[in-house]
Structures are given as structure tokens and as C-alpha cells.
Amino acid sequence: MSRAMSVVDKYAPYLFPLPAVLAILVLIVGPLLANFVLSTYEWFVGGRPFFVGGENYQQALGDRRFWNGLRNTFYFTFMAVPLQLVLGLAIAVLFNREFPGRGLVRTVMLLPMVATPVAIALIWALMFNPSLGVLNYFLESLGLPRLLWVAQSNLAIPSLVLVDVWQWTPMIALILLAALQGVPQEHYEAARIDGASGWQVFWNITLPGIRSAIVVALVLRSVDALKTFDIIYVITGGGPGTASETLNVYAFKTGFEFFHAGYAATLLIFLMMVVLGFAIFLNLLRRSE
Amino acid sequence: VSQRVARPAAAPSPAEERARAQRMRRLQSLGIALLIVLVLIVMLFPFYWMILTSFRSQVDNISPRPVWFFMPTLENYQNVIQRNNFLEFTWNSLVIATLSTGFGLVLGLPAAYSIARFKQDGLALAILIARLTPFITYLVPWYIAFRTLGLLDTYTALTLTHLIVGMPLIIWIMISFFEGVPRDLEEAAFVDGASRLGTFFRVVLPLSAPGIVAASILAFIFSWNQFLFSLVLSGPNTRPVPVAVFNFISYGQIDFGGLGAAAVLITLPVIILTLIIQRYIISGLTMGAVKG
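Taken in sequence, the protein lines are chains A and B. Quick note: the first sequence uses the numbering used here, first residue 4, plus one each step. Quick note: the second sequence uses the numbering used here, first residue 30, plus one each step.
I should point out that these hints are in silico values taken from the structure, not numbers from a laboratory. All residues carry an ideal CB built from backbone N, CA and C; glycine is no exception. Be a bit skeptical, because a hint or two may be false.
[Said to hold, decoys possible] If we take Cβ atoms under 7 Å as the criterion, some of the chain A residues that face chain B in the derived model are: (1) V11; (2) V278; (3) G280; (4) I283.
Between the sequences and the hints, there should be enough to build the whole structure, so can you do that?
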């Protein structure tokens, strides 16, 4: 073995990850730190930056659009994620049996989560169309009144939640399905011998058996739902008005439509705190159990 | 038969009870089958509608009643491909996804190996945090940096940013693959005088080939689907498909068929790739937290 090689071997634990670590430092850690610096400046891109200290933060706290964005972010997440969890669990239980075409069904379930979000958003936008959309046709066929869907302020977020639920329920179902298959069969048999009812088995054996998978699904989905961008930006652009404008979309517009870089950075720090805070909170919850 | 006639109706025979139980079971499995079909219809309908819209003429697409049966037309596809430089956008997407996946492998594979072999859990956690942080947080500083360096609307900027989508995915998927490579094989190679690097290339990587394929395809799909970074950092020279299609709705009149065709064209490659690596999709999307 040459000397150079043995040096490589000696420092392998540092040298192997080095390129990736450098990339992370330059592309992630650097920008994150830069955001904190930026947030203390008043700066329209192309103009001259002025140091303003904590003024951007003060401005955010008094900015109705900021609070509106925060509220919408939570409204969207806390409507979408529990719905997905309940539906996903129901589907997992429903699909946790032998039936013909089971493998094919599993494949079909992957489609909503891998399909290009912009394409999904386009199709739903067409289906939401109040006059020509197929959703209103279905409502009418069922004898129900037509809806304006994303064109109506108080329906915009629930409509977007519908898209998110369609897109991500299958993922939760597949996560829970994998967990269900890991619950030992003996537990079910023992319960059956004890004469437990279907519900009793579900509450006392199935649910505890897949609890950690439920927490994983909950953490991942909540974190991703809080930062949903593509679907919202393409379907409503945050509208009508600011009715479906989440913090994410508001920050994007501030940065890249109004080119107000300093204030956008401030908004993004709030968003990051919300997302990471939530992830840490859910993780602590898991540990304390 | 005679037995059944002889017995009073009030007390069903064991045979009758069995038949009733069987009917109940049949009814139940029919109900379950119907529910399964219903779930599948809901999951597939938007795709079905997308395909129908793409093959319908504009007249049929703006009919106030949905047209379910029609003579399929290729007009929408022709329009999208010819009038909108679709091939050029596809090429951009392809270049960016391939380059970012390639760099993702070069940087990610050694890191994943190191995390797996030397138990560098701290590094793994750092990468997980990168996955949790909203991507948009990096975007303002990136935009300013790339603008200053004159790199807006270049493959360099897009590849570098898409790398941040693909590399963490590659690392997390590969950690579990590398952990599965038997240590004995590596030790044997060391005894034969191979270096760590030689062993990595000649023993570890070949044994992990299926994982590398899965990780590359996932990273490719994620780059292909990426919208936010491309929306801000791309331009006329580098615009990838999702952004091109988005512009399509913002500027043009609403051409339902064209949008349907564009949606089909973006989604099709993703679906084909998904079919190849379906076993790894869930573990990829959950950063290895769930082994699908």
C-alpha cells in the first residue's frame, strides 16, 4: 500500500464525508446564516442595503399580512394532516388483507405522491373551475349546489386541503400498512381467543402496535404541510386576495415579486422557527411517551 | 333437503346457520371489495381526467357538461410540443436532473458510507435537519449570491440548488444499504492489502448497486419535480418543464387541452421511473424512517 493511500485510510472518517459536508456548509449553512444577517437590513434587491437592526422583526409583528399568513399556514396544516391521518389509517386497515391485485393497488397508491406537483396543481385547478370543472358537475349530479371552490375566500384553503389530502393520504396509508404487517399475528389470535370485539382489537392491539409509525407519519407530514408551496402558489397564488396566502407564499412574494430581500429573510426566519419548533415539539412528545 | 322441510322454521339447523354465516361473510367481502375500488377510483380520477382532457378537442373541453366519450385528438400534444418549445424545456430538465443526481452521488456516496461505517450519527442528524428546514429559507441568499456572480439562468445555479434536494435523499437511502454490506468482506479485502478507497470502489459499491440505482432514480425524480428553486433561478436559457408549464397558465389564455397534455408529458417519465423503483419510494420519501 502506498503512503498516500495509508494517509487516506487513516483519515477516512474525515475525508469520506468531506465533500458532502463542504456542499452543505456552502449551500445550506451559509445561506441560513446569511438570512439572519439579511434580516437586519432594509434592502430592495438592486438598491443599497441599510442596517436596521431589529426593525424588520418589529414590522412583522405589526404586519397583518404576516399574521394572516401564519394563521393560514396553521389552518391548512391542522386541517390537512389529521384528515390524512384518519383516512390513511382507515385505508391501511382496509388494505391489510389478501385480495387479488394487491401489488397493483400498492403501485397505484404511489402515483399521487410522486407525480410532479405542478401537474397535479394544474389538473386540480381545471377540476375546480366553477363553470367548467368536473367537481361541480359531480356535485350537481348528486343534487348538491355548485361551489366556487378556490375562487371563494372561505373555501380556498379547504379546497387546497382537499388537494393535499388526495396527494398525501396514500403515503400515510402505505407507511401504516407496512407497520400493520409488523404487528405479530399471535397478538390478534390471543385477542380473538379472549373473545375481543373488532373495535377492542383495533384500540388495544392494532393502534398500540403501530404507534411509532403513526408518530413518524405525523412528524413528516406536519413539517411538509407547514411548508407547502407548489400546490398553493400554482392553484391560487395565495388568493383570492390573501385568503389562502400562507407564510411561505407571503415570504416568496415579498422576496421575489416585491424584491424586498431583508423583510423576506425576516419572514423566512419566522417560518423556519415554526417548522423546526414543531418538529422538535413532536419529537419531544415521542420521547416522553 | 328432507331434513330442512321437517324442522320447524323457528330453529335454524346448523347447516342453515353455516349458510347464513357464509352469506354474511360474502356480503362483507363484497363491501370491502367495493370500498377498495372506491378508494382506487378517487386516487386515480385526477390522472384519468388529466389524460381525457389531453386528448379532447378544445370545443369538448369547454363544454358545460363534461364530455366523457369523444374522438381522441393529438392536436393538444402537437400544440404543446411545437408551439411551446416543449422539447427544449424537457432538455433543460434532463440536464439539470442528470447533473444534480451525478454530483449528488459523487458527494453523497462516500458520506453515506462514512456515516454507516464510522457511526457518524451527528452528521446524519445534520442532514436530516437540512431536509426539515423549508427550502425557501435558502432561496433569498442564493438568489442574491447567484445574481452577484452573474449565475442566474445558468445550469450551474440550478444544478447546485437541485443538489440540495437530491444529495440528502441519496445519503439517507444509502446509509441503510451500506450498513447491510457484510463487514467480513471489507476486512478480507484489507487483509489482501486493499486500501479503504479501493475497498469502497471494488467491494462496497458493487454490492450496493441496487441501492445506488434506486437512490439515483429518486434523486432524479425529485429534481424533475422541483418547482420553487427553478421558478426563481431559471430563465429563458435554462427553464425546466414545471416552470415552463406554470408560465403557460399565467400568460396564455386557458387552453384546457394544452394544459392536460403538458401535465401528462411532465408526469409520464416520473411514473415510468416510479414503476422501476417502487419498493424504495416510501423509504425515500420518509428519509429511511420507514422501510416500505
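Could you work out which earlier hints the structure fails to respect and list their numbers in ascending sequence? When the structure is compared with the hints, numbers 3 and 4 turn out to be violated.
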